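Listed below, chain by chain, are the residues.
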Amino acid sequence: MTYTFQWGEALKHLPYLLGGAWLSLVLAFLGFWGGALIGLFGAVGKVYGGRLIYRIVDVYVVFFTNTPALVQIFFLFYALPEVGILLSPFTAVLIGLVLNSGAYLTEIQRAGFTSVRQTEIEAAEVLGMSLAQIVRYVIVPHIAKTLYAPLSSFYIWLVLGTSMAAIFGVEELTGRAINISSTNFRTIEVFSVTALIYIAITILASAVLALIGRYAFRVRAKIF
Amino acid sequence: MLDRIISEAPRFFTYYNMVFLLEAMGRTLLMTLIGVSLGFVLGFMLDFARRTPGRAWLPLRLAATLYVETFRRIPFLVILFIVLFAIQGFRFSVSLFGVAMIAICVISSAFCAEIIRAGFDSIHQTQWDTAAVMNFGRLQTLRHVVLPQAWRVILPPAFAFMVMFIKDTALASQLGVVELTFAGKVLSTRGFSAILVFGTVLVLYFVLSYPLSRLGGWLERRLAPSRGR
Amino acid sequence: MPHLAVADLTATYPGTDKPVLENVSLEVAKGEIVSLIGPSGSGKSTLLRVLVGLLPPTSGSVRIDGEAIDYTSRRSLKSARDRLAIVFQQYNLFQNMTALGNVTIAPIRIKGWRRPEVEADAARLLAKVGLADKHASYPDQLSGGQQQRVAIARALALKPEILLLDEVTSALDPELVGEVLDTIRVLAADGMTMLIVSHEMGFVREVSSRVVMMDQGSIVETGPPAQVFDAPVTARAREFVSRILRH
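Residue numbers (this note's numbering), protein chains in the order written: chain W, 1 to 224; chain P, 1 to 229; chain H, 1 to 247.
Hints listed in this document are in silico derivations from the structure and should not be mistaken for laboratory results. Computed from a predicted structure; not experimentally measured. Errors might be hidden in some of the hints.
[As the list claims (entries may be wrong)] If you want the ones that stay clear, here's a sample from chain H, every Cβ over 10 Å from chain P, calculated:
#1 L54
#2 S73
#3 R81
#4 D82
#5 I86
#6 F88
#7 F94
#8 A106
#9 I110
#10 E117
#11 E119
#12 L158
#13 E175
[Claimed, not checked] Just so you have them, the derived chain P footprint on chain W, three or more residues with Cβ under 8 Å:
#14 12–23
#15 47–56
#16 119–125
#17 133–145
#18 152–161
#19 189–195
We treat Cβ as the ideally placed atom computed from N, Cα and C, and that holds for glycine.
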């Protein structure tokens, strides 16, 4: 037990680390919306497309959800140059995250589509609702309710997943923590502060999602 | 590109390389199995701590909740670094595999605690009350009444969780633990085509994960309409 | 000496100020059947929950055969639970066990009685409640009335001295109520001491030796069924009786 903590050494770099946290959030944000777009096409394809489209989407989803994102990014980063495609670390990581979230979000959004029952839409038509009203009062609340919990836990998972970018030299939160600790050697302190920042930003993300859920979709959401 | 792969394939798919990859794959599986088993035992204890009654146990409840909430909000990679440097800082001698295992158990226990909590929450309080008035102790209720019902809710997400952990152990390659991803990196630096190496590694991960995913999905459909009101 | 004696019992749900039971006093003689009636939320079911130790009383005493129960002592509570049995409104059968399993689990695992005797006794009890052919059925394969009868057999298998029945017919479809009431009539004829919470006024009138009316956590009227139903003394009791008789 010879280790003496020097927290000042880590706190000195707080602004630098917070800058990294911003990049982490940006990566997660881009990964999420890129993935959401792919997922929307994937889900529509799986629910309304023919057998062939269903198969293609299914192969994509099954492959990406059953292999590590890290190795997928290795593949993008080290293997694609062999066919002449050179990606920057940031681009490789972002494409990896987008393809991954696309696979997960396909499944999540599909669950949302199938949660709307035909009988309820018919009931709404009988009540004389217009298409816009049906979407607003029947379809959206249904989808929001089904999707809310899996979407928010997925988003947290994605924020944590962006730390993989550090392995490729992207200077997001974990990357910057590695940078600092390799110069001042106060590794435990630096990574503890980093961990606390991750906790803070995921709680922040949960809180924002809970507020959106509560006011936009009337979903009673818990932050914890 | 295809030419290069075809010409390189016989040199890559040698007995030696395949044994190397399969052993690494075994280590990935081993880490996952140990992590998930210990994670379940620890997660079970965490959930038990969170369910202790009365004011006297409040600190324990808070500590367990804090643990679960904290370690589900820190990236595995960061935990790996903290465990590694804490062990080095305090001069304990633990192998790299040991470091990875500690980090895995820290995270998996937090996630397992949540899965177990959901399982137990699915058992209505009245089942506990009914057993209590029949003089069942807490552990007897757990063994005879709650666990036989809760496993139906716990098992399907447990498989999904195991698949997640097979994938997460890939990060242990950063420490130098010779698991599947690290083996891929080694072969890649020996000059084999990255397409060939990482393609093979991806396929091997898939071979590990896919059956578990399917089993989990099957169990979910089978066990979902569980007995009871 | 009364079989069960409750004196000045007061209880409050955790996190609330207003007591759900206030100075409730009640005596039940051996072999007597006492029914608790009153509007919902009056504290009838809560009284039963306090008696079996699911809600600790804040003051007052409960005695069985003159022996006071100390609800803060595990040993005392355990011995009280050996002598009392309760059947719940929602039956609360263990969903992972067959009818026979539900009846035999506690005698075998908790009491440590010998399996052959326990199973023979369980078979006798299940026959008594009219379920001789349902030993191997799981709760979800039984109707509500059948589940409730299994729950009664399960309570009896522990050989209690006093049986508490908490609105045992409230969750049942009307056509299933009769079979459960018949089972209770059989027990009444056997001389079991019973404290019954019920909304079946006709049944209460028929089987009870005494009726206790509760309102807002207190007893407002007590007496033989004829008195409580036909000539209630207090104004609150008169109001409740006129309300239920109108239905």
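Going through the hints against the structure:
The Cβ of H/L54 does not lie farther than 10 Å from every Cβ of chain P; its closest approach is about 5 Å, which violates its non-interface assignment. No beta-carbon of chain P comes within 10 Å of the beta-carbon of H/S73; the shortest separation is about 14 Å. Not every beta carbon of chain P lies more than 10 Å from that of H/R81, the smallest distance being close to 5 Å; the non-interface claim is violated. At roughly 7 Å, the least C-beta separation between H/D82 and chain P is not larger than 10 Å, which violates its mark as non-interface.
At roughly 6 Å from the closest C-beta of chain P, the C-beta of H/I86 falls inside 10 Å, breaking its exclusion from the interface. Consistency note on H/F88: stated as away from chain P, yet its beta-carbon is not over 10 Å from all of that chain's, at 7 Å minimum. Distance to chain P contradicts H/F94 as a non-interface residue, since its nearest Cβ pair spans about 5 Å, not more than 10 Å. Non-interface call for H/A106 relative to chain P: violated, since the shortest CB-CB distance, roughly 4 Å, does not exceed 10 Å.
Here H/I110 does not stay apart from chain P, with its beta-carbon only about 5 Å from theirs, under the 10 Å limit. Under the 10 Å C-beta cut-off, the non-interface status given to H/E117 relative to chain P holds; the minimum distance is some 18 Å. For H/E119, the non-interface assignment is confirmed: its Cβ lies about 17 Å from the closest Cβ of chain P, beyond the 10 Å cut-off. For H/L158, the non-interface assignment is contradicted: its Cβ lies about 7 Å from the closest Cβ of chain P, within the 10 Å cut-off.
Once the 10 Å rule is applied to beta carbons, H/E175 is consistent with being away from chain P; the minimum gap is 19 Å. Only residues whose beta carbon comes within less than 8 Å of a beta carbon in chain P count, and the region 12–23 of chain W has 0; fewer than three means the coverage is violated. A stretch counts as covered by a chain when three or more of its residues have a beta carbon under 8 Å from one of that chain; for the region 47–56 of chain W and chain P the count is 0, and the coverage is violated. Note: the region 119–125 of chain W has 0 residues with beta-carbon separation from chain P under 8 Å; the three-residue rule is not met and the coverage is violated.
Note: the region 133–145 of chain W has 0 residues with beta-carbon separation from chain P under 8 Å; the three-residue rule is not met and the coverage is violated. Counting residues of the region 152–161 of chain W whose C-beta sits closer than 8 Å to any C-beta of chain P gives 3, which meets the bar of three, so the coverage hint holds. For the region 189–195 of chain W, the proposed coverage by chain P is satisfied: 4 residues have a C-beta within less than 8 Å of a C-beta in that chain, meeting the threshold of three.
Of the numbered hints given earlier, the model fails hints 1, 3, 4, 5, 6, 7, 8, 9, 12, 14, 15, 16, 17; all others are met.
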